[in-house]
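Enquirer: Sequence:
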Amino acid sequence: MTSEPQAHRPSTHRPSTHRPSLAEPAFPDDDGLIDAALASALGSDARVAAAFADARVFVPIVAVLGEVATDGDKNADMAAVLMTGKDGRTALLAFSSVAALSAWNPLARPVPVWGRDAMSAARDEGASAILLDLGSEHFVPLELHDLSGQ
Numbered sequence: 001m002t003s004e005p006q007a008h009r010p011s012t013h014r015p016s017t018h019r020p021s022l023a024e025p026a027f028p029d030d031d032g033l034i035d036a037a038l039a040s041a042l043g044s045d046a047r048v049a050a051a052f053a054d055a056r057v058f059v060p061i062v063a064v065l066g067e068v069a070t071d072g073d074k075n076a077d078m079a080a081v082l083m084t085g086k087d088g089r090t091a092l093l094a095f096s097s098v099a100a101l102s103a104w105n106p107l108a109r110p111v112p113v114w115g116r117d118a119m120s121a122a123r124d125e126g127a128s129a130i131l132l133d134l135g136s137e138h139f140v141p142l143e144l145h146d147l148s149g150q
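FYI, the numbering for the sequence shown is 1 to 150, going by the working numbering.
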């Protein structure tokens, strides 16, 4: 059974008049569904690339086993997921919805970010691409040099 992705347009956050002690979330009312502009672009890699920078996507964060402490306890770090291809190039994983991310790895934590911020993080990590919705029927490899909003 194939299901169409459900579209969602994240609300525009308006700053409040109070002064919070912690940073306010960028997507306070986010329901985890696919961004409407990104949903309408699916099926065309060029349209997905054009919509990506201004779309809200989810970057998976996973636990990575760190060094074993001297007392026998294990340390774990949280990290975004990068994949390395046979050609040695690296790509950052991103997902259009929480459901798509959970289908890939139910233990990964979804972190909502703007596509442009995912692009920046990918560049900072030396990646040359973003793999959108890896393992899904609408998987799209996005080369950073082809993305709008660079």
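Everything labelled a hint here was simulated from the structure, so no lab data went into it. Hints are not guaranteed to be accurate.
[Unchecked claim] Quick list of simulated restraints, FRET-style, between CB atoms: (1) L65 <-> S102: 17 to 23 angstroms; (2) L82 <-> S102: 32 to 38 angstroms; (3) K86 <-> L65: 24 to 30 angstroms; (4) V64 <-> S128: 18 to 24 angstroms; (5) R123 <-> K86: 20 to 26 angstroms; (6) G85 <-> P28: 15 to 21 angstroms; (7) A103 <-> L82: 18 to 24 angstroms.
Since this is a predicted model, take the numbers as computed values, not measurements. Ideal Cβ placement from N, Cα and C applies to all residues, glycine included.
Enquirer: Per the hint of 20 to 26 angstroms, is the separation of the Cβ atoms of R123 and K86 within bounds?
Expert: Because 22 angstroms falls inside the window, the suggested range holds.
Enquirer: Assuming the hint says 15 to 21 angstroms, is it satisfied by the Cβ distance from G85 to P28 or not?
Expert: With Cβ atoms ~36 angstroms apart, the hint is violated.
Enquirer: Taking the beta carbons of A103 and L82, is their distance inside 18 to 24 angstroms?
Expert: holds (20 angstroms)
Enquirer: Does the Cβ distance between K86 and L65 fall inside 24 to 30 angstroms?
Expert: holds (25 angstroms)
Enquirer: Return holds or violated for the Cβ distance of V64 and S128 against the range 18 to 24 angstroms.
Expert: holds (22 angstroms)
Enquirer: The hint says 17 to 23 angstroms between L65 and S102; measuring C-beta to C-beta, is that right?
Expert: holds (22 angstroms)
Enquirer: Should the hint that L82 and S102 are 32 to 38 angstroms apart at their CB atoms be regarded as holding?
Expert: violated (20 angstroms)
The structure shown violates the earlier hints numbered 2, 6.
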